Amino acid sequence: MKKNLFLLGFIAFTMSVFGQTEKKESWYFKLGGSYFVQSAATEFPSVNGREPLKQVYENGVLVSKESITGSFGEGFRTGLSIGYRFTDRLGAEMGVNYYASNSKTMVETISQDVTVLQAKGQVRALDLAPALVLYLGKVKGFEPYTKVGVIVPVNGKLDIKTNAISNGAVIYREDVIKPNPTVGFLAALGTSYKISGKLAAFGEIEYRNFTVHGKDKEVTAYTYNGTDRLTLPEGHPLYVTTAERYTNYSDHIDRNSNNQETNASGFDSSKPTDDLSSYISISGVGLTLGLRYSL
Numbered sequence: 001m002k003k004n005l006f007l008l009g010f011i012a013f014t015m016s017v018f019g020q021t022e023k024k025e026s027w028y029f030k031l032g033g034s035y036f037v038q039s040a041a042t043e044f045p046s047v048n049g050r051e052p053l054k055q056v057y058e059n060g061v062l063v064s065k066e067s068i069t070g071s072f073g074e075g076f077r078t079g080l081s082i083g084y085r086f087t088d089r090l091g092a093e094m095g096v097n098y099y100a101s102n103s104k105t106m107v108e109t110i111s112q113d114v115t116v117l118q119a120k121g122q123v124r125a126l127d128l129a130p131a132l133v134l135y136l137g138k139v140k141g142f143e144p145y146t147k148v149g150v151i152v153p154v155n156g157k158l159d160i161k162t163n164a165i166s167n168g169a170v171i172y173r174e175d176v177i178k179p180n181p182t183v184g185f186l187a188a189l190g191t192s193y194k195i196s197g198k199l200a201a202f203g204e205i206e207y208r209n210f211t212v213h214g215k216d217k218e219v220t221a222y223t224y225n226g227t228d229r230l231t232l233p234e235g236h237p238l239y240v241t242t243a244e245r246y247t248n249y250s251d252h253i254d255r256n257s258n259n260q261e262t263n264a265s266g267f268d269s270s271k272p273t274d275d276l277s278s279y280i281s282i283s284g285v286g287l288t289l290g291l292r293y294s295l
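Residue numbering for the sequence shown follows full-length UniProt numbering, starting at 1 and increasing by one per position.
Some hints could be false.
[Claimed, not checked] Restricting the straight-line Cα-Cα distance to at most 27 Å, the calculated cross-link-like pairs of lysine-lysine (DSSO-like) are:
1) K138 to K194
2) K161 to K271
3) K161 to K138
Worth flagging that the hints you see were computed from the coordinates, not collected in a lab.
Note that the coordinates shown come from a computational prediction; the quantities given were computed from them, not determined experimentally.
Assemble the whole structure, with the sequences as input and the hints as a guide.
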């Protein structure tokens, strides 16, 4: 008897949520811009063997050292979404977003009040964001809603630019790290306000939880006192080997890997280096403002 009553109650609740009105199904488009702040700071990964540290030297002596922490979850995003309302209460969206993080210092060395080495990283990514939308009802022209979904990267990279001064030489290097496929999570609370018959303004506060790890790395620029090292022939003192230029990442390396530490005797500089993958966070909390057009 209790099971029957529970079943009847569940059916009644479901009907009340998904079938409250006879409003016809409808499509809509949304265009918005967002700014995110990082939700948690973690230690950055090492950059070309250098730990994520800020080090200060005086007269060649190390006088202070501190860890550099942060995330790439702070930055700007633009997005276009297409949505479909099944009922007054339930809908679905598919968003296409382009995100560019703020540039973050990952390694820094200062000597005699002069920055002699600085590595800065920036994430750029294109993603898809399918989500379910639950509308909470209209109140004085406003229609609040909640949204949950996933983040699926389509394309992206971490671009690390390093500037250094070493023995009087000016050095510039740029490394591009591409990520492994992964999936993130998003949750948002928003509201819309109708401006005209089909046009509405909307605002959302969104939390996203997103962590990625590297798949491979390529040195895309490398100059030494203005000389392009990547174009120099083999045998030149500044020649960049394949092992220096390319890196393949994995969760495990051993004596069979092309790595100078674990396989010094078998290391082949004419092949990409094998190294351990590092993780970076792109998690953040953001505010999105934009317009919605209903068909």
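Each hint tested on the structure:
1. K138 to K194: Answer holds: K138 to K194 is near 11 Å, not above 27 Å.
2. K161 to K271: holds (23 Å)
3. K161 to K138: violated (49 Å)
Of the hints listed earlier, the one the structure fails to meet is number 3.
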